[in-house]
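Here are the chains, one letter per residue:
2 protein chains.
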Amino acid sequence: MSIVVVGTVAFDSIETPQGSAERVLGGSAAYFAVAASFFAPVKIVGVVGQDFPEDYLKILSGRGIDLQGLQRKKGETFYWRGRYHEDLNVRDTVELRLNVLSDFVPRLPDSYREAEYLFLGNIDPNMQMEVLNQLSHSRLIACDTMDHWIQGSPKELRRVLERVEMLVINDSEARLLSGEHNIVRAARAILRMGPKVLLIKRGEYGLLQFADHSCFAIPAYPLEEVFDPTGAGDSFAGGLFGHLARSRDQSQKGLRRAIVYGSVVASFCVEDFGLRRLAQLRLEEIEERFQRFVELTDFHT
Amino acid sequence: MSIVVVGTVAFDSIETPQGSAERVLGGSAAYFAVAASFFAPVKIVGVVGQDFPEDYLKILSGRGIDLQGLQRKKGETFYWRGRYHEDLNVRDTVELRLNVLSDFVPRLPDSYREAEYLFLGNIDPNMQMEVLNQLSHSRLIACDTMDHWIQGSPKELRRVLERVEMLVINDSEARLLSGEHNIVRAARAILRMGPKVLLIKRGEYGLLQFADHSCFAIPAYPLEEVFDPTGAGDSFAGGLFGHLARSRDQSQKGLRRAIVYGSVVASFCVEDFGLRRLAQLRLEEIEERFQRFVELTDFHT
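Chains as they are written, first to last, in numbering that gives the first Met the number 0: chain A, 0 to 300; chain B, 0 to 300.
Some hints could be false.
Claimed, not checked - To give an idea of the chain A side of the interface with chain B (calculated C-beta under 8 Å), a few residues: (1) A216; (2) E223; (3) V225; (4) R256; (5) F298.
If you're looking for bench data, these hints aren't it; they were derived computationally from the structure. We treat Cβ as the ideally placed atom computed from N, Cα and C, and that holds for glycine.
Extracted from the complex, chain A is given alone in its bound form (with noise of 0.2 Å):
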């Protein structure tokens, strides 16, 4: 089963009170792609620049992950400098340039339209419905948005909404989205706009998943030493696409598996700067974190 995710891939530099990093390989689709690699067989659609070095793209082709649809033009790769605060839940953009991104049209190749999953990380509404339009069948779509196009272009953003079966936000982009400062009264809100299953990211708090007659609440697994949050929610979204296609299981109850592996490969990715951790990472390691996070919240059995 493989899934499609289009999004950004970037050269992110990172300040955060533990260090900081410059140019790493970043982006939503890169962060999504590989965390889902460990499962199942990843297509990213995006765009790079001329400057885009033949090391970070073996970076993603090593996890197997196909670049059939990650144009090469000509220009500067999208580019991202951000400060993390002491309270890693709180960063600032220092320097934001768009370079090829600002006129990427997204295509499918065709080897990419009977996908069964798709993921469309935080990008324009726009790409991300020119993206939809394209796509032929699927078992399952995502999307992801953030502040700047749920204020920017509503209107854009809620047709996407409206086909889509999974939004993956945090709680204060629910909260802008939905007018409501109650998380539960925005999930409901948010519920009536076309997902049936609205997961919000809570940080190092955890992560809800609401749907029309259920609700799942975890926390964030505990960790001792947070060198980065940057591409978590990617991360954690790539993780639960993984085994979302990996076990073909959408029932609740396999949702709430999913959840929970994606939940641990987010784990996994703010131990080092970038994609540093991910890049290591095995899936042994992954499965024996999810025990642990098994035992860290028991007390059904």
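Model the placement of chain B on the given structure of chain A, informed by the hints.
Chain B in isolation, oriented as in the chain A frame:
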């Protein structure tokens, strides 16, 4: 198995974005005692002034709470006025008058001295120590504290911590007490101060339990209406202690279930101002929500 709680009994005036309440029954011992009373007999040690109304005493005695250790003194009852922000995790103390609490010397009546469970609510560590010195034996002693004592009476607090099995505090207090920002490292540092078990409350985000070789994490029960977070932490501790006294099971498994019961009782507490909701609560409602909490968090069975 009876439980003794030492703490404040107070008049609280509360403002939240949902409304306000004037001079309602409050204080750590009152919340704890009402919460614990659903599961086991509770005895209060504390002090009130001559202005304390009979109706408020009846709320406590009506729940079967033993008030023999509640001193009635000349002067006015401890008074607190607080205002919550739209983010209910943030509150300002607008007014605080210690009144009769300022020269309070806690005294355990003879009938209290054999109590197996003792909870030292958030009061001056010197008062907490006074109570410890009066207890003849015990099965479990826990305490709470706050920034005021962590910063103002660090030595006295440390001596109390050396003599308690369990510490129940919130995450900012854990950071302040340990000097560590990361919550796992903060927990490790605090466990070296004496307590065998550390419970870190995170408000709407849930709770972490740390012990020597184990960690347990739960989310909070998601609520559509939160009227007043006052007393949620003490209600949690009361529910936890009550269930421990009822089950007599202090194994890791027993402790985990007690933590969930505490969290469930706290989730009711915040549904109305002051003690209104808890005063009306029935054990069946607690058991029902416990089951919902099982469903909310289960991916284990």
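Now the hints, each set against the structure:
{"no.": "1", "hint": "A216", "result": "holds, 4 Å"}
{"no.": "2", "hint": "E223", "result": "holds, 4 Å"}
{"no.": "3", "hint": "V225", "result": "holds, 7 Å"}
{"no.": "4", "hint": "R256", "result": "holds, 6 Å"}
{"no.": "5", "hint": "F298", "result": "holds, 4 Å"}
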